[in-house]
Amino acid sequence: MTKLRRKTYMVAGYNTVSLGTGRKEFHPKKPRPGLEHYIKEAGQETLKMIGGAENVDETVIGNFMAAGFNKQANLAAFAPYIDDGLRYKPAVRVEGACSSGAMALATGIKSIQAETADVVLAIGVEVQNSVKAMYGADILAAAGWAQERKEGHAYFFPGKFSDRAKAYAEKFGEEKARKATAKWYQNAIENARLCPTAQEYHNTTKDLFEVGMTKPNPKAFVDSLNVFDCSKVSDGASAIAILSEEGLKRCGIDKNDCVEILSMGMAEEDITKPPADLTKLSTTTAAVEKALDSADINKERIGTVECHDCFTIAGIMAVEAIGFAGHGSGTDFVLEGNTSRTGSVPFNTTGGLIGWGHPTGATGVHQAVTIWEQLTGKAGDAQIQIKPEKPYGLTINMGGDDKSLVSIVYKKAV
Amino acid sequence: MDYTEKLQNVSVVGAAGKMGSGILLLTAMEMADLSLKPENKKRHFCINAMDVSGEALSGLMKYLKAQVLRAAERKIVALRDAYSDRKDLIENSDIINQYVDDVLFLVRPTTYLEPTYDSSVVFEAIKEDPELKVKVFKQINENSKKKPWFCTNTSSIPINELDKNAGLDGRILGVHFYNPPAVQRLVEIIKTDNTDPELVEFANTFSKNLRKVVVPSADFAGFIGNGHFMRDALHGIKEAEKLAEKYSFTEAVYMINKVSQDYLIRPMGIFQLIDYVGIDVCQYIMSVMNPHLKDEDLHSSLLDKMIELGVYGGQNFDGSQKDGFLKYEKGRPVAIFDINKKAYQDISTLKDKCDKELGELPASAKPWKAVIGDKNKDEFFKTYFNELKSLNSKGAQLALDYVKRSREIGLKLVSDKIAFSEKDVNTVLLTGFFHAYGPINDYI
Ligand SMILES: NC(=O)c1ccc[n+]([C@@H]2O[C@H](COP(=O)([O-])OP(=O)(O)OC[C@H]3O[C@@H](n4cnc5c(N)ncnc54)[C@H](O)[C@@H]3O)[C@@H](O)[C@H]2O)c1
Numbered sequence: 001m002t003k004l005r006r007k008t009y010m011v012a013g014y015n016t017v018s019l020g021t022g023r024k025e026f027h028p029k030k031p032r033p034g035l036e037h038y039i040k041e042a043g044q045e046t047l048k049m050i051g052g053a054e055n056v057d058e059t060v061i062g063n064f065m066a067a068g069f070n071k072q073a074n075l076a077a078f079a080p081y082i083d084d085g086l087r088y089k090p091a092v093r094v095e096g097a098c099s100s101g102a103m104a105l106a107t108g109i110k111s112i113q114a115e116t117a118d119v120v121l122a123i124g125v126e127v128q129n130s131v132k133a134m135y136g137a138d139i140l141a142a143a144g145w146a147q148e149r150k151e152g153h154a155y156f157f158p159g160k161f162s163d164r165a166k167a168y169a170e171k172f173g174e175e176k177a178r179k180a181t182a183k184w185y186q187n188a189i190e191n192a193r194l195c196p197t198a199q200e201y202h203n204t205t206k207d208l209f210e211v212g213m214t215k216p217n218p219k220a221f222v223d224s225l226n227v228f229d230c231s232k233v234s235d236g237a238s239a240i241a242i243l244s245e246e247g248l249k250r251c252g253i254d255k256n257d258c259v260e261i262l263s264m265g266m267a268e269e270d271i272t273k274p275p276a277d278l279t280k281l282s283t284t285t286a287a288v289e290k291a292l293d294s295a296d297i298n299k300e301r302i303g304t305v306e307c308h309d310c311f312t313i314a315g316i317m318a319v320e321a322i323g324f325a326g327h328g329s330g331t332d333f334v335l336e337g338n339t340s341r342t343g344s345v346p347f348n349t350t351g352g353l354i355g356w357g358h359p360t361g362a363t364g365v366h367q368a369v370t371i372w373e374q375l376t377g378k379a380g381d382a383q384i385q386i387k388p389e390k391p392y393g394l395t396i397n398m399g400g401d402d403k404s405l406v407s408i409v410y411k412k413a414v
Numbered sequence: 001m002d003y004t005e006k007l008q009n010v011s012v013v014g015a016a017g018k019m020g021s022g023i024l025l026l027t028a029m030e031m032a033d034l035s036l037k038p039e040n041k042k043r044h045f046c047i048n049a050m051d052v053s054g055e056a057l058s059g060l061m062k063y064l065k066a067q068v069l070r071a072a073e074r075k076i077v078a079l080r081d082a083y084s085d086r087k088d089l090i091e092n093s094d095i096i097n098q099y100v101d102d103v104l105f106l107v108r109p110t111t112y113l114e115p116t117y118d119s120s121v122v123f124e125a126i127k128e129d130p131e132l133k134v135k136v137f138k139q140i141n142e143n144s145k146k147k148p149w150f151c152t153n154t155s156s157i158p159i160n161e162l163d164k165n166a167g168l169d170g171r172i173l174g175v176h177f178y179n180p181p182a183v184q185r186l187v188e189i190i191k192t193d194n195t196d197p198e199l200v201e202f203a204n205t206f207s208k209n210l211r212k213v214v215v216p217s218a219d220f221a222g223f224i225g226n227g228h229f230m231r232d233a234l235h236g237i238k239e240a241e242k243l244a245e246k247y248s249f250t251e252a253v254y255m256i257n258k259v260s261q262d263y264l265i266r267p268m269g270i271f272q273l274i275d276y277v278g279i280d281v282c283q284y285i286m287s288v289m290n291p292h293l294k295d296e297d298l299h300s301s302l303l304d305k306m307i308e309l310g311v312y313g314g315q316n317f318d319g320s321q322k323d324g325f326l327k328y329e330k331g332r333p334v335a336i337f338d339i340n341k342k343a344y345q346d347i348s349t350l351k352d353k354c355d356k357e358l359g360e361l362p363a364s365a366k367p368w369k370a371v372i373g374d375k376n377k378d379e380f381f382k383t384y385f386n387e388l389k390s391l392n393s394k395g396a397q398l399a400l401d402y403v404k405r406s407r408e409i410g411l412k413l414v415s416d417k418i419a420f421s422e423k424d425v426n427t428v429l430l431t432g433f434f435h436a437y438g439p440i441n442d443y444i
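As they're listed, the protein sequences go chains A and B.
Counted from 1, the first sequence has number 216 at position 216 by this note's numbering; the numbering is strictly sequential.
Counted from 1, the second sequence has number 237 at position 237 by this note's numbering; the numbering is strictly sequential.
Each hint should be verified, as a subset may be incorrect.
No more than 35 Å apart at the CA atoms, straight line, and that leaves these computed lysine-lysine pairs for DSBU-like [what the hints assert, rightly or not]: (1) 150/A x 171/A; (2) 65/B x 30/A; (3) 351/B x 24/A; (4) 389/B x 375/B; (5) 29/A x 75/B; (6) 369/B x 206/A; (7) 375/B x 179/A; (8) 219/A x 377/B; (9) 330/B x 305/B; (10) 75/B x 171/A; (11) 24/A x 375/B.
No lab work stands behind these hints, which were simulated from the structure alone.
Please take these sequences and the hints and turn them into a complete structure.
What follows is the structure, encoded as structure tokens:
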């Protein structure tokens, strides 16, 4: 397995609020900040922490469907809008559906590896509340194969993962599956309540597990998922800086404030093919294996994971895909509390896609920011304890139905 | 009876009015849903939107389009199935737009009565005027080739009178929607001894398909809904008149309105409800009901006086509230009409004094909004009314008298055989008037 040839760091992470239903300041009928606002807010905050735009060699913006949600393309040209200092410098926008954010990170990491840049500003952004949910579903369906749209559910992706949830329940038992996803939901919201930028930060529901156990209503939504089993519809952006050793020097940054990137694993699956096994995330497994191999560590050394729980069932399947539990046993692993914030390997410690929010193109960057905060002790109320024998962080960002995967391994820099 | 065939050609008369527009919307969508079924692909459907006001009809089409769009968005899951054979419709937005077109293309706005002569079913929602209704029924019936069914939305006129006077031979039924029909879930169905049973069956199927809650009522002026509301309103008016002997008129209206809302935990006070329905409408419905009542005079000279002074209440075309007993800003009462000075007095100038006179609300009191969705409502009301009984304030006394009167009215509707059960009376108040508890209860 190829290893990174040059030391690579991340620092100066920033998340805007994940805005949408659940946040007190969100009113569907009132005007809201647009795409440019989010890019600027996240970009500027990160720039402040690295000594300004003049230190930056290149900007990468990850975004999925601004063309649909905001009638906007050519997002690279928003880089100079963040700061005049980025004028005439290179910028690129990358897209890989919901993995666009991590694709942006991967693109930045590659520039560092290629020695064409020492400091990269990586941003992920999505503004989705511009249309109602049923129209948003059309836009998001582009993460699947367009030829399948006609046959698909009105809520296309919830439909896809409802099929997965159904297959999983049929194979391994419905009761256990529902309990585990309810527990997943409970963890997500409880974690989100500790993070002021999280979309579910204001959530006050008392018995979350009981809500999680609600029987789905196929007439109103999909067969095997409830609306709260789905990630949120969110507006938001995240930014982080990716640097080489030279870059750190240039920006005057202390390594103690950084995470080091040990590896990344990327994997693609054919978008025109249905999953070989609905109860598995095989491409996720492929990407994680590559990342762990390349970092030369085994999964027991991972202290925390940010996984792509676009649906509660995807969280359970991710646990299995990494190998923490065998096929069909991810439910027990979650129900035993292993993924909770005090468990053996806390997952999604600021709420993940269910609790923090899922501004699609921003999510991959948000995951990196969360891991950076946790490993460097900057997570505030959401801080978990990182044990010395488990010093590594792992992110998994997924585009489409287990199609475009990026997995990254992090460790606090020394 | 072939339900679908009956709905292939329908007319709504008075289609641009408050009730007609809602009935048209719901019926047109039901027809479009039928037309989308594979077995009906060859059938032709049309609905005449007949109204004397051409201007109102243009407004109607805008209203329809906006409403159908909202409905289509909400039922996108079912619509994707209904259009699964249409290869050209791929995205939700394609399907939603097609459905809006499919509903609107069924609708034929007209200011002439002639097109209704081809209809199998005629929904009538013109103003509450027995002679006008009879005239319209007669004209359609005499010119039609189809022996059409008539569904009238009258709030108070006995159906058998309309039947007799228009010579309809039992082809008429009361299908009494509540305002606004697109939102309100209650439908009272009123048959006469003479009503064609197939028509009743049709109306029941139709209402169920519209996902309405159906309550049957005997054919007696006012039926259940107005039978309760008009008497309940009259009680409030009389209580206010009594109070006005000791307090000013505006103070009396304020206090009774507050008691009937906050103490009774209802969605609005009785004077606000009278304004909402329309003072003129209330006066009129009472006048239609009154001749049919024996030991009772359902009439209010206060309402007459308000009308004389030109204060009507009711709603503007956009659904906003017109001033009546109360004056409204952004839908909230801010002042009360002083019948002596013929001017509105700000609530802020009398609120403190009146609230003090009424005394404290029971400590367990909650606003209607906080109670309506509560699963343990019943427990709450038991505690609440017990506490109310233990208070010795003017407010509590007025409230208890009000609750007793409301219960008495409900029981009388049952003993007079206007309602077929106590449950039906409660359903009407719970569903049609959004009360949080039925009037026939054992709380006090
Ligand atoms: N508004 C309510 O809360 C309510 C509730 C239940 C039942 N109703 C009953 O529904 C009926 C209609 O009430 P509304 O409030 O909708 O009244 P409305 O005044 O809003 O509508 C009546 C419509 O009928 C039209 N019209 C008048 N004469 C006509 C004629 N000869 N031919 C065709 N159209 C004519 C008018 O132009 C108007 O558009 C009444 O019988 C009323 O008692 C009303």
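Checklist entry - Does the structure break any of the earlier hints, and which numbers would those be? => result The structure conflicts with no hint, since it agrees with every one listed earlier.
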